[in-house]
Structures are given as C-alpha cells and as structure tokens.
Amino acid sequence: MSTIATAEREPVSQPTEPWYKNKKLDQLLCFWSIPVFYNLFGLVFVPLSWMMPPRAPESDLAGVVEFMQSPNLLIASTILILSVGLSAVGNAMYAIQMKRMSVSPVLRFAFIAGAMTGAIVGCLFPMFCFGLGAFREGYSPEILQMLYDFGYLSFIGCLGCFFLNWSCLALAILLDKNNILPKWLGYYTIWQSVTEIFAATVWIAHTGPFAWNGLLAFWFNMVLYVPWQFIVYYCIFQAIRKQPESELYNSGPTPRAAYA
Amino acid sequence: MNTRGQNILLWLTPVAGLLFLVAYWLFPAFAPPLSPTLSPEEVAAFFKENLTAMRGVVIFGNIIGALLVPLFALIAVQMLRVVNSSPIFAYAYIIAAGIGITAFILADFAWGIALFRPDRDPQLISLLNDMAWFFLVAPVGCVFVQNLCLAGSIYLDARPDPVFPIWVAHFNIVTGLLMLPAAFSLLYKTGPLAWDGSISFTLRFSTFIVYVAVMFLVLLKVTKQQVEQEGVAA
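Going line by line, the protein sequences match chains A and B. Note that my numbering has the first sequence beginning at 1, numbered continuously upward. Note that my numbering has the second sequence beginning at 1001, numbered continuously upward.
So here's chain B without its partners, still in its complex pose (with noise of 0.2 Å):
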C-alpha cells in the first residue's frame, strides 16, 4: 500500500480553493448574497440581469463541491486508523459527508434550473431561488454531526501514538458550534439570522473555508505520518 493515491486526492483540495477564489472574483453574483426579502419579481429580475455571472457560480459550484469530497473520504480513511471499539464514528462520517454534498448539490442544481429558462414565472425562479438557499445555509445538521464524530473518534482514539492530535478535535467541535446557527435561517427574512446575515452566511461560510483550509493542512501532516508510522512508500 502507498499514500500516493491520498496524496493526489488530497491535492485536490487547494484545486477547489483555488477555483473557488477565481469564481469569486469572476462571478461576484453573491457578493452581497441575494436578500431573502426580495419578492419573486425582484428575484426574476435580478437573475435576468446577473445571467453569466451566475451560471458560472452554478458551474463552478458544482466542480468545487464535488472537489471537496475528496477530502471528506480521506479524513473518513485516517478516521479508520484512529483505534476506537469500533468503526461507528467513520461510517457516520461517510454517510453525514454524502448528506451534506448533496444538500450542497442540489441548492447548485436549483439555481441552475431556474437560469435554464430565466423567463419562466417569477413565482417558480424566486421558488427554486428559495430552496437553492435552503439547502445551501441550513443544512449544518450533517456537517455539525461530521465534525462530532471526527472529535470522538479523536478523544477515544487508544493507539499510544494518535492518528490525529487532540487540538482537531477541539478545532472540530468549535467550528460545529460555529457554522450550527445557521439552522435557524428559515425562521428569519432579515437580521444576522437570516440567509444573507452575518451569522447564517458571512460566519457559517468563513468558518467552512478556514475549516476546510486547516483540514487540509492536518492531513497533509497525518498521511506523512502514517507513511513514516506504518512504512508505507510515499
């Protein structure tokens, strides 16, 4: 066995930032994001006018998050190193990270559908406008649980020498806590709470891009480990 394979996949992580940095400064179609007080007309109008801009999120969108799947199954990989009774917390982790990449998915698809045809009914773009933002804020349920397993998995880990150091799990918890809030954006149209507030968004966002930046940097350090740990050829 070498590392090679996880070595590639996890490079692929820095590819998704880096797309999603080239995104972000070609398509500023959410910069500010859409206010969830904007009526259907206004929602119609406004994605008529922004076309290019947001089919390139929808496209990119949909790269970048397949691109970070990667990174989920490797720290599902290393999680079946980490040495607890049994592999509950890892295949947890699995299934929480497939829910959440599809969440992430299907808000994507939802925009892009209503871009296919940008002169259908207000009422259905602002819909499939409304679910987009749905399933791209409040889902934290999955990623919250995610992170809770990755921190067990940690705390319990009985191997002499663990697979990961306990500050992640500590990292993990807190970053949970962080992007959790977010759940409530449904019960709100303004204020921090809402979709496009400083909570539910601008932290909820911040929070997953660090989370995701450090992630990447700790198992750039863990798959180094485990080849001079397990004398696997890199």
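Next comes chain A alone, as it looks inside the complex (with noise of 0.2 Å):
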C-alpha cells in the first residue's frame, strides 16, 4: 500500500525510490494504522462484545446480568487496550492537517485536549465498566446493572469532547484559505458534530426513539458517521498525496524543526 502512494506521489521525482525512503513515511505508517484500529475497535464492540449494535436501557435484569458476565467482555477489553493508543494517532492525523491550514493553532490544541479526554470518557472507561463486571462473578444484578447503565451511557452519551473536536475541524477547515481540506467536508462535519449533540436525550430517556438505543439518538447518528468517518480518511489522505513536497520540513537544503 505504501508502494502504491509513493508512486502515485510526484511521478516526476525519482520514480524507482523504494517506499521506506518516501519523505512522507512517517505520515504514511501513521495514516495505515488507522485501517487496523478501526478493524479491531469493530471487532471489539460488535462480533466479540455484541456491545454494538446497543442493547435496550430496559432490558430484563436477568438479561443484563448474563450479559455483563459473558467471559468475551474481557477479551474485548484487551485487545481494546491494546489497541486504544492507536485513536491517538488517527486523531493526530487531523491535527497535522490542522497545522497546515491558515487557522489559529487554538483550534488543533483544542482538538488534541478533546482526543484525549475523549479517549477515555468515551472509550476505554465504558468497555472496563463491561469488563468489570464480566472480571468477577458474584456481584449483585444491581452493581451489574449500574456499570451496564455506566458503559451504555458514557459510551453512547459521550458527546461533549466530541462536539468540541468536530466543531474545530470543521471551523478550520472552513476557516482556511490554503484549501488543505474541500469545504464541502467542513459543512458535512458540521453535521457530524451536531449529530452529537442530537445524543443528549440518551442521559433522560429509557425507551422510544430518544434512548441510547433509539431510532433518533443512535440509529439517525450512525447513519450520518459512518460515512463520515470513511470520507474525513480519505480527504486526509489525498490532503497528504498532494502536500506538496517544498511544504514538508524534511525537505530541502536545510530541514527544519516543526515545532508546535
């Protein structure tokens, strides 16, 4: 795959440069690792928890509790764990693209502070309140039960830092005047973050279309990310095809620092 972006790169510029000698390497390792955390952060909450698609709020109690005992919630805590640092980097793949972009760097540093806030709130602590309770036997249903309503709702409910990172996305790249993004992705981004906010009625309701697994606060949600999520990765990944190579600071007679 590597081989493929170099050559498609600058065909002009020494066409027989083997990939791992490709100037934009690092972004290229970088960008491949977000593929395989997506697979595995799939595989986690659908096949191997079946976490995804959400279960009712109102389930039986009976159902909740073998459910939160079921043994594959630990496996899917561990190789979320293993996998976990890796929404660092394909949040840091914004952030670079942000750097490039002619906004105030208040956006991308706010964007950072949201990755990492979000990485917990609204990833490994949900799956652990998952894991926790499959980790021991003999808990009552009702601790079963509020670490049930602590996974769904903080997983499913954790909008706040991701409102705040899609809205800095998409102001900055409707902000930029070196058109690193197309701005029609900052007004679908817009969309995404608001998507978020439509989440909040999951912390109120129990049933209907409103609750965490509703037609509204989940289902109309996931419709609009998904695609998103493909789409915002490839528009990043031709924002890096075509930086062009004077841009890069490994490049020319002297390389410089990026610094922040």
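Hints listed in this document are in silico derivations from the structure and should not be mistaken for laboratory results. Incorrect hints may have been included.
[To be verified] Derived SDA-like pairs: lysine to any residue, alpha-carbon spacing no greater than 20 Å straight-line:
| id | chain 1 | residue 1 | chain 2 | residue 2 |
| --- | --- | --- | --- | --- |
| 1 | B | K1189 | A | K99 |
| 2 | B | K1224 | B | N1007 |
| 3 | B | K1048 | B | P1122 |
| 4 | A | K21 | B | P1162 |
| 5 | A | K21 | B | R1159 |
| 6 | B | K1224 | A | Y259 |
| 7 | B | K1221 | A | A257 |
| 8 | A | K99 | B | A1073 |
| 9 | A | K21 | A | G252 |
| 10 | B | K1189 | A | N72 |
| 11 | B | K1221 | B | P1165 |
| 12 | B | K1224 | A | A257 |
| 13 | B | K1224 | B | L1010 |
| 14 | B | K1221 | B | F1020 |
| 15 | B | K1189 | A | L74 |
| 16 | B | K1048 | B | T1037 |
| 17 | A | K21 | B | A1158 |
| 18 | B | K1224 | B | W1011 |
| 19 | B | K1189 | A | K21 |
| 20 | B | K1189 | A | G252 |
| 21 | B | K1189 | A | G138 |
| 22 | A | K21 | A | F237 |
| 23 | A | K21 | B | D1161 |
| 24 | A | K21 | B | P1160 |
| 25 | A | K21 | B | L1156 |
| 26 | A | K99 | A | D176 |
| 27 | A | K21 | A | D176 |
| 28 | B | K1189 | A | I75 |
| 29 | B | K1221 | B | L1071 |
| 30 | A | K21 | B | Y1155 |
| 31 | B | K1048 | B | P1032 |
[Claimed, not checked] Far from chain A, some chain B residues (derived; all Cβ distances over 12 Å):
| id | residue |
| --- | --- |
| 32 | P1036 |
| 33 | I1094 |
| 34 | V1168 |
Beta carbons are placed, not taken as given, at the ideal position from N, Cα and C, and that holds for glycine.
With the hints as a guide, dock the two chains, each given alone in a separate frame, to form the complex.
And the structure:
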C-alpha cells in the first residue's frame, strides 16, 4: 500500500525511490494504522462483545446479568487496551492537517485536548465497565446494572468531547484559505458535530427514539457518522498525497523542525 | 528562548522518583500486591486493616503521576525538534501520554473512593479495587504507542545531527514490548499474567521505572545539546 502511495505521489521525481525512503513515510505509517485501529475497534464492539448494536436500556435484570458476565467482554477489553493507543495516532492525523491550515493553533490544541479526554471517557472507561462486570462472579444484579448503564451512557452519551473536536475541525476547514481539505467536508463535519448533540437525550429517555438504542439518538447518528468517518480519512489521505514536497519539514537543503 | 523552564520541569522527574521511594518505604501496602483471587469480603478487610498505608499510596500516587507529566511533555517538545515530514509522531505522543496519565489517575481515584468510606458494602469496595487494578496495570496500549511514536520519529529524523541518539529508539521499542503483555492481565486471576504476577506487575512496573530513569538522563543530555546547537542561554 505504501508502494502505491509512493508511485502515485510525484511521478516526476525519482520514480525508483523505494517506499521506505518516502519523505512522507511518517505520515503514511500513521495513516495506515487507522484502518488497523478501526477494524480492531469494530471487532471489539460488535462481534466480540455484542455491545453494539446497543442493547435496550430497559432489558430485564436477568438479561443484563447474563450479558455483563459473558467472558467475551474481557477479551474485547483486552483487544481494546492493545489498540486504544492508536486512537491517538488517528486523532493526530487531523491535527497535523489543521496545522497546515491558515487558522489559529487554538483549534488544533483544543482538538488535541478533546481527543485525550474522549479516548478515556468515551472509549476506555465504558469498555472497562463491561469488563469489570465479567471479571468477577458474584456481583449483585444492581451493581451489574449500574456498570451496564455507566458503560452504555458513557459510550453513547459521550458527546461533549466529540462535539468540541468535530466543531474545531469543521471551523478550521471552513476558515482555512490554503484549501487543505475541501469546504464541503467542513459543512458535512458541522452535521457530524450536530448529531453528537442529538445523543444528549440518552441521559433521560429509557425507551423510544431518544433512548441510547433509539432511532434518533443512535441510528440516525450512525447513518451520518459511519460514511463521514470513511470520507474524512479519504480526504486526509488525498491531502497527504497532494502536499507539495517543498512544504515538508524534512525536504530542502536545510531541514527545519516543525515545533508546535 | 532559554532552556531554564525545561530544566526545572525535567528535575521534577527525580522529585517524583524520590517521592516514590518515600511512599514505597512509608506505605508498603502493595508489597506484595493484592491478589485478584481475594473475595470482596477479604478485599474490604484488607482495606480496613491497611487504611493509613493505602491512603498514603493514594495521595502520593496522585502527586507522583502528575509529576511525571512534565517528562512526557519535554519528550514531546524535543520530538518537535526532530525533523520528520510532519509533527504527526509528536502530536500522537502528546495525546497518548494524556490518555495514559488519566488512566493512572483514575486508578488512584478508585482506591481513594474505596478508602474514603471503608464501611461501604464489600462488593462496592471490591468493584472499586478491581477498577483501580484495571486502570493501573492494563492500559499499556497508550504507553506502547507513545514509545513507538518516539522510536518512529527518531528512526526517521532527517537532521544531520539527530536530536536523540538511535539507541533511544531501540530502547523505546524494547521497553514498550516488555510492558505490553500486561494488557492480558484482565484474562487471568493467577499466574504471571494476573495483575499481581511476575509479568503484569513486576516486569511491567520495573520496566517503567527503568524507562523513566533512563529517559530522564537522555533528556538531560538532549536539552544540553539543544543549548550548544541552538545557542540558547541556559
């Protein structure tokens, strides 16, 4: 895959250059960790733990207990632990593109702070709530139900950090005069951050479209989010490819440091 | 620009080390670490018996964790001096370090909350204790990615006079790999991979301590070199 990227990059300059000599190797290595991360992420939350699609908030207590004690939750937690660090790489991917834009650094620093918080409260913590239930037998059904609620609400109801992140990204794309990412992606990203707010009702509703497994609070968001996630990384990949060599920090007679 | 601020923050690392030694000597609550096989009642009894020692661990742990943040921040600052095509490794490093430190503080808080009212239902004490061990031992994915990012940026450094020597990259990969098996501590209650086992506890934390000590010495040299190369006043 990196070979393809090299070949397509700048056909005029040194076509025989091996992939590992590619000047953008740091960005390409990090980029290709993203599909690895999302595949593991999908594996963890769907076929391994069956946490997604979300179970009903009003499942009967016996069902909750049975689910919370399934040993697969621990395997899912382990794989998530091994892969969660890659979310940092995936998020840094947005931040370096935001650095190229003609916008204030505050947008990428706010994004970076949101990415740190979001990974803990919206990813690692919820999975651990499920893992904790499965780790020890004999917890009372009330405790397991609390972990179940804590897990689902912090996973699906973790909207603040992501609202912040996608808003910063959208704003950066729209304010940018260097046209690093397409403007339509900026508008699409605004929609993505608005749907995060749609999920706010999960903290109140137990049933119906506004609950954490509801049509509006969950499925509507998914329909927008999943294609958005693919498209945004596709656009970032194009941005990496199109980045002129003269703009790279490691090119030219005197390589310069990126600093912040 | 001068490196005085960097130096002050860097010397917080040995302060953290000193506090760790003091805590280890004053409050030996985790020598040996609690076994995951203990029943909730046994855990609650242990907490009641070791209240002072464990509160000491919690308070010191909170401070020690925070005192390690500057070391990671300094590594990130030096990574931004490394020349790659983009600052991607440094940014990813900052995010991963933030996640890792937060996980550590959550572990500390889970114990602190259990100790605040030790008369709570033993099931709740046990749950908080499990949660603390989950967050303390298991989240090695972040520190692993941190080390990989640092190693990657060193391997690809385009400077004629590299910021970090190449052995630091190898060292980061090796220490990262030594800590990685602790992720499997959720799957075992006994043996070397359990959270009190020789791999998940002893190897993981001794590697981390050696790692912090070595990186402190590395940064001491790197900041001194920065002064020589960039002519900044110490």
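Hints and how they fare:
no.	hint	result
1	B/K1189 - A/K99	violated (46 Å)
2	B/K1224 - B/N1007	holds (9 Å)
3	B/K1048 - B/P1122	holds (11 Å)
4	A/K21 - B/P1162	holds (17 Å)
5	A/K21 - B/R1159	holds (15 Å)
6	B/K1224 - A/Y259	holds (18 Å)
7	B/K1221 - A/A257	holds (19 Å)
8	A/K99 - B/A1073	holds (19 Å)
9	A/K21 - A/G252	holds (15 Å)
10	B/K1189 - A/N72	holds (16 Å)
11	B/K1221 - B/P1165	holds (10 Å)
12	B/K1224 - A/A257	holds (17 Å)
13	B/K1224 - B/L1010	holds (12 Å)
14	B/K1221 - B/F1020	violated (24 Å)
15	B/K1189 - A/L74	holds (12 Å)
16	B/K1048 - B/T1037	holds (18 Å)
17	A/K21 - B/A1158	holds (11 Å)
18	B/K1224 - B/W1011	holds (13 Å)
19	B/K1189 - A/K21	violated (46 Å)
20	B/K1189 - A/G252	violated (56 Å)
21	B/K1189 - A/G138	holds (15 Å)
22	A/K21 - A/F237	holds (19 Å)
23	A/K21 - B/D1161	holds (19 Å)
24	A/K21 - B/P1160	holds (16 Å)
25	A/K21 - B/L1156	holds (9 Å)
26	A/K99 - A/D176	holds (10 Å)
27	A/K21 - A/D176	violated (31 Å)
28	B/K1189 - A/I75	holds (14 Å)
29	B/K1221 - B/L1071	holds (14 Å)
30	A/K21 - B/Y1155	holds (12 Å)
31	B/K1048 - B/P1032	holds (17 Å)
32	P1036	violated (8 Å)
33	I1094	violated (6 Å)
34	V1168	holds (17 Å)
Hint compliance for this structure: hints 1, 14, 19, 20, 27, 32 and 33 are broken, all remaining hints hold.
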